[in-house]
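**Student:** Below are the chains, spelled out letter by letter.
2 protein chains.
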Amino acid sequence: MRLCHACLSKPAEIFLDYSQRRLCIDCFLKYYEKKVKQTIDKYRMIKVGEKIGVAVSGGKDSTALIYVLKKLYPSLNLVGIHLNLGIKEYSNHCNEILREFIKKLNIPLIEFNLLKQLGFSIHDFEGTEHGKKICSICGTIKRYLLNKIAYEERINKLATGHNLDDIVEVIFNCYLQGDVTQLSRISPITPANHPKLVARIKPLCMMTEMENLLYASYLELPFRSLSCPLSKGNRSLKQKRLINEKIVQEIPTFKHMLFKSYLKRIAPYFKTYPNVEIFECKYCGMPTSKDVCAFCRLTQRVKKLIVE
Amino acid sequence: MRLCHACLSKPAEIFLDYSQRRLCIDCFLKYYEKKVKQTIDKYRMIKVGEKIGVAVSGGKDSTALIYVLKKLYPSLNLVGIHLNLGIKEYSNHCNEILREFIKKLNIPLIEFNLLKQLGFSIHDFEGTEHGKKICSICGTIKRYLLNKIAYEERINKLATGHNLDDIVEVIFNCYLQGDVTQLSRISPITPANHPKLVARIKPLCMMTEMENLLYASYLELPFRSLSCPLSKGNRSLKQKRLINEKIVQEIPTFKHMLFKSYLKRIAPYFKTYPNVEIFECKYCGMPTSKDVCAFCRLTQRVKKLIVE
Chain E
1 MRLCHACLSK
11 PAEIFLDYSQ
21 RRLCIDCFLK
31 YYEKKVKQTI
41 DKYRMIKVGE
51 KIGVAVSGGK
61 DSTALIYVLK
71 KLYPSLNLVG
81 IHLNLGIKEY
91 SNHCNEILRE
101 FIKKLNIPLI
111 EFNLLKQLGF
121 SIHDFEGTEH
131 GKKICSICGT
141 IKRYLLNKIA
151 YEERINKLAT
161 GHNLDDIVEV
171 IFNCYLQGDV
181 TQLSRISPIT
191 PANHPKLVAR
201 IKPLCMMTEM
211 ENLLYASYLE
221 LPFRSLSCPL
231 SKGNRSLKQK
241 RLINEKIVQE
251 IPTFKHMLFK
261 SYLKRIAPYF
271 KTYPNVEIFE
281 CKYCGMPTSK
291 DVCAFCRLTQ
301 RVKKLIVE
Chain U
1 MRLCHACLSK
11 PAEIFLDYSQ
21 RRLCIDCFLK
31 YYEKKVKQTI
41 DKYRMIKVGE
51 KIGVAVSGGK
61 DSTALIYVLK
71 KLYPSLNLVG
81 IHLNLGIKEY
91 SNHCNEILRE
101 FIKKLNIPLI
111 EFNLLKQLGF
121 SIHDFEGTEH
131 GKKICSICGT
141 IKRYLLNKIA
151 YEERINKLAT
161 GHNLDDIVEV
171 IFNCYLQGDV
181 TQLSRISPIT
191 PANHPKLVAR
201 IKPLCMMTEM
211 ENLLYASYLE
221 LPFRSLSCPL
231 SKGNRSLKQK
241 RLINEKIVQE
251 IPTFKHMLFK
261 SYLKRIAPYF
271 KTYPNVEIFE
281 CKYCGMPTSK
291 DVCAFCRLTQ
301 RVKKLIVE
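Residue numbers (my numbering), protein chains in the order written: chain E, 1 to 308; chain U, 1 to 308.
Only chain E is shown next, with the shape it has when bound in the complex (with noise of 0.2 angstroms):
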């Protein structure tokens, strides 16, 4: 039996091949939320008195978020945003299992609907020229309309439950596409560069999919068990597999060492990248840097399907 690497007298169950580490099931707990405060108070993302919306989808990651927030921050001013993307079956499994989680922690939670709220799903896309990315547009829709909310509801800060992998597999691609400008705004925390905008935090970008996993598991908290159908072999599932799998195998520092040398390293080199200038959609009135937002532009044309 091997022994806790921390605590030296409980067996270990949990071995981080990053750091080549074996802990316990309560040193883990320990080590996660100790990290996720450094994280936090590192970007020096919660100020005193700020109102923090927290984007919560049912999955594991901003489950294991919230609860970690509330936990470490007692008497933060702490909000749940939930959008229900119509998807089948799916979005109404993540919003049963949601809703009860949040009401437990006794956490406010604004909750909006597509379907209801303005007549369309996700699936309204999947007959469109959008159809074969139908992961990004459905990203494009759920930052715009958490973006209002945020804005509407005079909260601060929206946090997001975006994990290592997640960042790790948009840092790769970005450099095998040599996308510069997805490239230059990766960062633990996204300042508001508009009065509309609500600054962005990601307090779980240090902790992988499977340190969030064994969080919310371990404490038992309720997360979805069923996967989205609409994003079946997406290219960004395939990466991270590919990442997973394949890269860390060979060198288990990989995702850590990608992140911390693209931010201490790699980001400042595009700290010149052109800022473009932000207008105010003449539709919606929200941020965009062209005439129409993205979001009207895609929505208008999906509503116009509909009544056709």
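Certain hints may be false.
A pair holds if it fits inside one copy or across any two, identical chains being indistinguishable in the list.
With a straight-line Cα cutoff of 25 angstroms, these simulated SDA-like cross-link-like pairs (lysine to any residue) come out [claimed, not checked]: (1) K132 with M257; (2) K238 with N156; (3) K88 with P195; (4) K132 with Q249.
Simulated from the structure, these hints should not be mistaken for lab results.
Predicted, not measured: the structure shown is a model, and the values here were computed from it.
Starting from the known structure of chain E, fit chain U onto it as the hints suggest.
**Tutor:** For chain U alone, kept in the frame of chain E given last:
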């Protein structure tokens, strides 16, 4: 039987995974030569009347390089430069194969023997604190001597056999380590930024290691059959294997995309990388960013060890 995608008449022998093309031997050789010529033209590597030194090791890459240069530019003033590194069996094996081949090509060959001309070989570094980084030390020694010989021989450009696999491994490693210094130097052509530095060109930078192997093999060019005994298990070989056996399996265009994206989109941001001031080494007079150049620092220690 599958037919060649280019001539549509002969049986295809080669499958290029990154472009999904199948070629017969003749069309592959034409394709190879055309692509090398395009690379040379695109980066303006060679000008009329220049004297080009080709670093020849006896391996498939530099053998393919000197042959294809002679074939593409029959009247070019070419000179082979070969360093005998004094590595047991390996170096003499390389030297013998190479000497005969270059003679047949009717190209002058400059040979430099480390053991005979400097009194030490690469083996002498094995016992030092650099023993674990022997490939990196060997690289420093080779770069220094090749430049010195080229400079003394009034050579205008020094061509090396670096292939796409070599370059992509370096880019991958620089991203991982955040090594901005090395990253900013990656280029198909390195201009001479000091009178004693000879410009360097990499005409095979767009060709994969496999393409060079196939080119040399189909033309029955003689190249070494032994691999360097000192390079076993080094980082670069491990990461090349990871890239070829794991990443390219999932993303066949990985190597071409990573390099092209780097050149076109990422590299421009490193143009601002501080160009260090260049001095002349107080011992040998060759260019260095410090008081004493890396070659003199390394070799003086080894010479001392030998004398002791």
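**Student:** Does each hint hold? Answer for all of them.
**Tutor:** Verification of the supplied hints:
1. With identical chains, the CA atoms of K132 and M257 are at most 25 angstroms apart between copies only, with a shortest distance of 22 angstroms across copies and 32 angstroms within one.
2. Taking the shortest Cα distances, K238 and N156 never come within 25 angstroms of each other, neither inside one copy (35 angstroms) nor across copies (47 angstroms).
3. In the homo-oligomer, the alpha carbons of K88 and P195 never lie at most 25 angstroms apart, since the shortest distance is 36 angstroms inside one protomer and 70 angstroms across protomers.
4. Taking the shortest Cα distances, K132 and Q249 sit within 25 angstroms of each other only across copies (23 angstroms), while inside one copy they are farther apart (31 angstroms).
Violated hints, listed in ascending order, are 2 and 3; each of the other numbered hints is respected by the structure.
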